[in-house]
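Asks: The lines below spell out each chain.
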Amino acid sequence: NAGVTQTPKFRILKIGQSMTLQCTQDMNHNYMYWYRQDPGMGLKLIYYSVGAGITDKGEVPNGYNVSRSTTEDFPLRLELAAPSQTSVYFCASSSGQGGTETQYFGPGTRLLVL
Amino acid sequence: GDSVTQMEGPVTLSEEAFLTINCTYTATGYPSLFWYVQYPGEGLQLLLKATKADDKGSNKGFEATYRKETTSFHLEKGSVQVSDSAVYFCALSDPEQRGYQKVTFGIGTKLQVIP
Chain P
53 NAGVTQTPKF
63 RILKIGQSMT
73 LQCTQDMNHN
83 YMYWYRQDPG
93 MGLKLIYYSV
103 GAGITDKGEV
113 PNGYNVSRST
123 TEDFPLRLEL
133 AAPSQTSVYF
143 CASSSGQGGT
153 ETQYFGPGTR
163 LLVL
Chain H
33 GDSVTQMEGP
43 VTLSEEAFLT
53 INCTYTATGY
63 PSLFWYVQYP
73 GEGLQLLLKA
83 TKADDKGSNK
93 GFEATYRKET
103 TSFHLEKGSV
113 QVSDSAVYFC
123 ALSDPEQRGY
133 QKVTFGIGTK
143 LQVIP
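In order, the protein sequence lines correspond to chains P and H. If you use my numbering, the first sequence corresponds to residues 53 to 166, in order. If you use my numbering, the second sequence corresponds to residues 33 to 147, in order.
What the hints contain is simulated information worked out from the structure, not anything from laboratory work. C-beta: ideal position from N, C-alpha, C; glycine also. Watch out, some of these pointers could steer you wrong.
[Unchecked claim] Using 30 Å as the maximum straight-line C-alpha spacing, the simulated DSBU-like pairs for lysine-lysine come out as follows:
1) H:K84 to H:K100
2) P:K61 to H:K88
3) H:K84 to H:K109
4) H:K134 to P:K96
5) H:K109 to H:K134
6) H:K84 to H:K134
7) H:K88 to H:K100
8) P:K61 to P:K109
9) H:K134 to H:K100
10) H:K109 to P:K109
11) H:K134 to H:K92
12) H:K142 to H:K88
13) H:K84 to P:K66
14) P:K109 to H:K84
15) P:K96 to H:K88
16) H:K142 to H:K100
17) H:K142 to P:K61
18) H:K142 to H:K84
19) H:K134 to H:K88
20) H:K84 to P:K61
21) H:K92 to P:K96
22) P:K96 to P:K109
23) P:K61 to P:K96
24) H:K92 to H:K109
25) H:K142 to H:K109
26) P:K96 to P:K66
27) H:K92 to H:K142
28) H:K109 to P:K96
29) H:K134 to P:K61
30) H:K88 to H:K109
31) H:K100 to P:K96
[As the list claims (entries may be wrong)] One-sided excerpt, in silico: chain H residues whose CB lies under 7 Å from chain P:
32) T83
33) S125
34) P127
35) Y132
36) Q133
37) I139
Hey, can you work out the whole structure from these sequences and the hints?
Replies: This is how it looks when you write it as C-alpha cells:
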C-alpha cells in the first residue's frame with residue numbers, strides 16, 4: 053500500500069499566487085486532516101474532513117480552502133499566497149474519530165512564499 | 033486547553049547510549065498519549081501509544097509509560113542507534129467525541145545519534 057501520498061514535495065510561490073496541494077490515501081479512511089508544521093510550533097490543524105462532501109475548519113484555516121469529492125482525495129487550496137504561509141504541510145488520515153486512533157501521515161509538502 | 037511540553041533539542045547522543053525524551057501534558061478528561069517519529073524527508077509515523085493510565089507503549093526498543101499522577105509520557109530507549117536519528121513528537125488525543133480526532137502535538141525533539 054502507498055498509504056498517504058502528497059504532491060508536490062517542494063514548491064516556491066510568489067506572493068499573491070495560488071496553488072493546490074494534493075493529498076491521496078488508499079486506505080479507505082473516512083477522516084482526513086491537513087496540518088502545517090512551523091519550527092518550534094508543532095503541528096497545527098488547518099482543515100479536516102469526516103467523509104466525502106464534508107469538511108470543516110481546524111485551528112488555523114485562514115487563507116486556505118479544501119474540498120473532498122471522493123474518499124481518497126483531499127486537496128488543500130492556497131489562494132493569494134502570503135509569506136506567513138511558508139511552512140511544511142502534512143496531510144493525514146485515520147479510520148475513526150476516537151481518541152485512540154492512529155493518524156497516518158504523508159511525506160509533506162515544503163512551501164516557500166517569497 | 034490541552035497542551036504538550038517537550039524539549040526542542042537537538043539531543044545528541046553516542047551510539048548505544050541511553051535515551052530519555054521528556055514529555056508532560058495538560059488535558060481535561062483522560063486523553064490517549066502518542067509518540068510519533070519523523071525520519072528525515074518523511075512524514076510522521078506512529079512509534080507507540082498508550083490509551084489509559086499506567087499503560088506502557090513499546091515498539092522497536094522504545095518505551096513510554098502513561099503516568100497520570102505526574103502527567104507525563106517520557107520516551108526511553110536503552111541503547112540508541114544511528115538509525116534512530118529523527119524528530120520525535122509527543123502528542124495527546126482528546127477523548128471527547130467532537131466529530132473528529134483532535135490531536136495536540138508537542139514541538140518535536142530532534143535526536144542526533146553519532147557513531
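Asks: Now look at each hint and say whether the structure bears it out.
Replies: Hint by hint, here is what the structure shows:
no.: 1; hint: H:K84 to H:K100; in the structure: holds, 9 Å
no.: 2; hint: P:K61 to H:K88; in the structure: violated, 36 Å
no.: 3; hint: H:K84 to H:K109; in the structure: holds, 21 Å
no.: 4; hint: H:K134 to P:K96; in the structure: holds, 10 Å
no.: 5; hint: H:K109 to H:K134; in the structure: holds, 28 Å
no.: 6; hint: H:K84 to H:K134; in the structure: holds, 17 Å
no.: 7; hint: H:K88 to H:K100; in the structure: holds, 12 Å
no.: 8; hint: P:K61 to P:K109; in the structure: holds, 24 Å
no.: 9; hint: H:K134 to H:K100; in the structure: holds, 20 Å
no.: 10; hint: H:K109 to P:K109; in the structure: violated, 38 Å
no.: 11; hint: H:K134 to H:K92; in the structure: holds, 26 Å
no.: 12; hint: H:K142 to H:K88; in the structure: holds, 23 Å
no.: 13; hint: H:K84 to P:K66; in the structure: violated, 47 Å
no.: 14; hint: P:K109 to H:K84; in the structure: holds, 29 Å
no.: 15; hint: P:K96 to H:K88; in the structure: holds, 27 Å
no.: 16; hint: H:K142 to H:K100; in the structure: holds, 25 Å
no.: 17; hint: H:K142 to P:K61; in the structure: holds, 21 Å
no.: 18; hint: H:K142 to H:K84; in the structure: holds, 27 Å
no.: 19; hint: H:K134 to H:K88; in the structure: holds, 22 Å
no.: 20; hint: H:K84 to P:K61; in the structure: violated, 37 Å
no.: 21; hint: H:K92 to P:K96; in the structure: holds, 28 Å
no.: 22; hint: P:K96 to P:K109; in the structure: holds, 12 Å
no.: 23; hint: P:K61 to P:K96; in the structure: holds, 19 Å
no.: 24; hint: H:K92 to H:K109; in the structure: holds, 9 Å
no.: 25; hint: H:K142 to H:K109; in the structure: holds, 15 Å
no.: 26; hint: P:K96 to P:K66; in the structure: holds, 23 Å
no.: 27; hint: H:K92 to H:K142; in the structure: holds, 18 Å
no.: 28; hint: H:K109 to P:K96; in the structure: holds, 28 Å
no.: 29; hint: H:K134 to P:K61; in the structure: holds, 26 Å
no.: 30; hint: H:K88 to H:K109; in the structure: holds, 13 Å
no.: 31; hint: H:K100 to P:K96; in the structure: holds, 25 Å
no.: 32; hint: T83; in the structure: holds, 5 Å
no.: 33; hint: S125; in the structure: holds, 4 Å
no.: 34; hint: P127; in the structure: holds, 4 Å
no.: 35; hint: Y132; in the structure: holds, 5 Å
no.: 36; hint: Q133; in the structure: holds, 5 Å
no.: 37; hint: I139; in the structure: holds, 5 Å
Taken one by one, the earlier hints fail for this structure at numbers 2, 10, 13, 20, listed in ascending order.
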